[in-house]
Each structure stands twice: as structure tokens, then as C-alpha cells.
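> Sequence:
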Amino acid sequence: MNDDAQTGLYLLTPPSIDLATFPDLLARVLDTGAVECVQLRLKDIDDEGIIAAIKKILPVCSKRDIPLILNDRPDLAHKTGCDGVHIGAEDGSYAEARKIMGEEHVVGVSCYDSRHRAMDVGDKGADYVAFGAFFPTTTKTPGTWVEPEIIEIWTTFTTVPCVAIGGINADNLAPLVKAGADFVAVSGAIWNHPDGAEAGAIAIARAIAAASEDLVAK
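Counted the way our numbering counts, the sequence shown spans residues 9 to 226.
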């Protein structure tokens with residue numbers, strides 16, 4: 009997903025979206041060049057609603073060669089042609105998700121504060137693991153809290169990419185970049201930015217670049 013050494017922006021969609029307007033908004037955000045991956049993460053919506061959202065959003069991402077990852081549902085991800093799926097502890101096993109998606113698609117796994125879980129799914133072939141939450145977030149209620157040290161330890165012992173998630177914004181992401189996160193997953197700091205989502209994405213990208221420069225300088 010990310011071939012660059014610099015930390016990438018993994019964009020999470022809002023928990024609810026208006027399909028009449030969101031695809032155009034997403035296109036404008038992606039056109040900033042700040043985003044490397046998009047995860048469709050919707051709450052309180054039925055399968056038909058998820059499929060309808062994918063049909064609108066997937067072409068926007070595909071046109072810009074940006075992977076679309078569906079949260080929770082490998083069955084729907086495979087059915088609709090998404091580039092991958094992200095699963096949590098309650099979304100079935102990695103083995104089940106990989107069987108459904110096949111080797112050619114991305115399967116990422118939430119590992120919360122567990123390096124053991126991360127090593128297990130990493131050894132089995134997960135394309136990335138996600139750690140968090142690092143900071144308070146209004147998007148969901150975190151079950152675990154972690155420190156940037158978990159990323160530093162992870163990147164020391166393995167090459168499996170890792171995603172930092174949970175309450176990340178332009179003001180607090182520097183320690184995660186410096187710890188070696190391959191991606192930072194961001195939602196509210198972009199969609200709720202006072203100057204608009206495009207400005208939010210650019211702010212995150214600039215903060216990543218600044219933290220990366222500090223790292224190189226040291």
C-alpha cells in the first residue's frame with residue numbers, strides 16, 4: 009500500500025455519509041494528494057446501504073489509484089470489488105478473511121495493544137496490523153489505550169506495515185511518525201476541520217512531513 013519511507017495518511021470515512029454529496033467531497037480530498045488509502049467505515053447501516061456506498065466511492069478511489077478498504081465485512085468487500093478489508097477482533101478470523109479475499113487483496117487487522125496478536129496475524133500473512141487507540145476519539149469508544157512505544161518495538165522486529173489509529177490529528181501525530189508508523193489513520197481531524205476536509209488532509213500531510221524532517225535531522 010505504501011512504497012514510500014514517509015508515513016502515509018490512511019483516511020477513514022465518517023461513520024455516516026450522504027451519498028448525494030460525499031463522493032464529490034471525497035474526490036476533492038483525494039485530489040490534494042495527501043491520502044494513500046481510504047477505509048469505508050460506516051455504522052448503523054444495512055448491507056444494501058454499504059453496497060450502495062461502495063458503488064459510489066470505489067470509482068472515485070480507483071480513478072486516483074487509491075485503495076479502498078472496507079471495514080468489518082470481507083464478504084461484501086469481495087462481492088463489490090473493494091481492494092481489501094479491515095477486520096477487528098469481533099469480525100471473524102484472519103484466516104476466514106484471507107480465504108474470502110484471496111491473496112491478491114489487502115487484509116488488515118486491528119491488534120489494539122497486543123503485539124502477540126500482531127505477530128500471529130503478521131506471520132500468517134496480514135498485509136498490515138493496526139495499533140490503538142493512541143488518543144481520545146469521538147468516532148468510537150476505544151477498548152484499549154497504547155503508547156507510541158508499541159510502534160517503535162514493532163518496527164524494530166518486523167517489516168509488516170503498521171497503522172496507528174485513534175484520535176490522531178495534526179497536533180499529536182509527530183510521536184507516531186517518529187516511532188515509525190507506516191500509516192496514521194485519521195477521520196475527525198479531516199472531516200471536521202474548520203476550513204474544510206481538503207484543508208484537514210493538507211494539514212495532516214504537512215504535519216507528517218514536518219515530523220519526518222525532524223526525524224531525518226536527528
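Bear in mind the hints are in silico, worked out from the structure with no lab data behind them.
All values reported here derive from a predicted model rather than from experimental measurement.
Among these hints, one or two may not hold up.
In silico BS3-like links for lysine-lysine, alpha-carbon gap of 27 Å or less [as the list claims (entries may be wrong)]:
| id | residue 1 | residue 2 |
| --- | --- | --- |
| 1 | Lys148 | Lys186 |
| 2 | Lys64 | Lys186 |
| 3 | Lys132 | Lys63 |
| 4 | Lys107 | Lys132 |
| 5 | Lys71 | Lys87 |
| 6 | Lys51 | Lys71 |
| 7 | Lys64 | Lys87 |
| 8 | Lys64 | Lys51 |
| 9 | Lys63 | Lys107 |
| 10 | Lys63 | Lys87 |
> Does each hint fit the structure? Answer for all of them.
Hint by hint, here is what the structure shows:
1. Lys148 x Lys186: 25 Å, holds
2. Lys64 x Lys186: 36 Å, violated
3. Lys132 x Lys63: 31 Å, violated
4. Lys107 x Lys132: 12 Å, holds
5. Lys71 x Lys87: Answer holds: Lys71 to Lys87 is near 19 Å, not above 27 Å.
6. Lys51 x Lys71: OK: Lys51 and Lys71 at ~26 Å, within 27 Å.
7. Lys64 x Lys87: 15 Å, holds
8. Lys64 x Lys51: 17 Å, holds
9. Lys63 x Lys107: 23 Å, holds
10. Lys63 x Lys87: 11 Å, holds
Going through the hint list in order, the structure does not satisfy hints 2 and 3.
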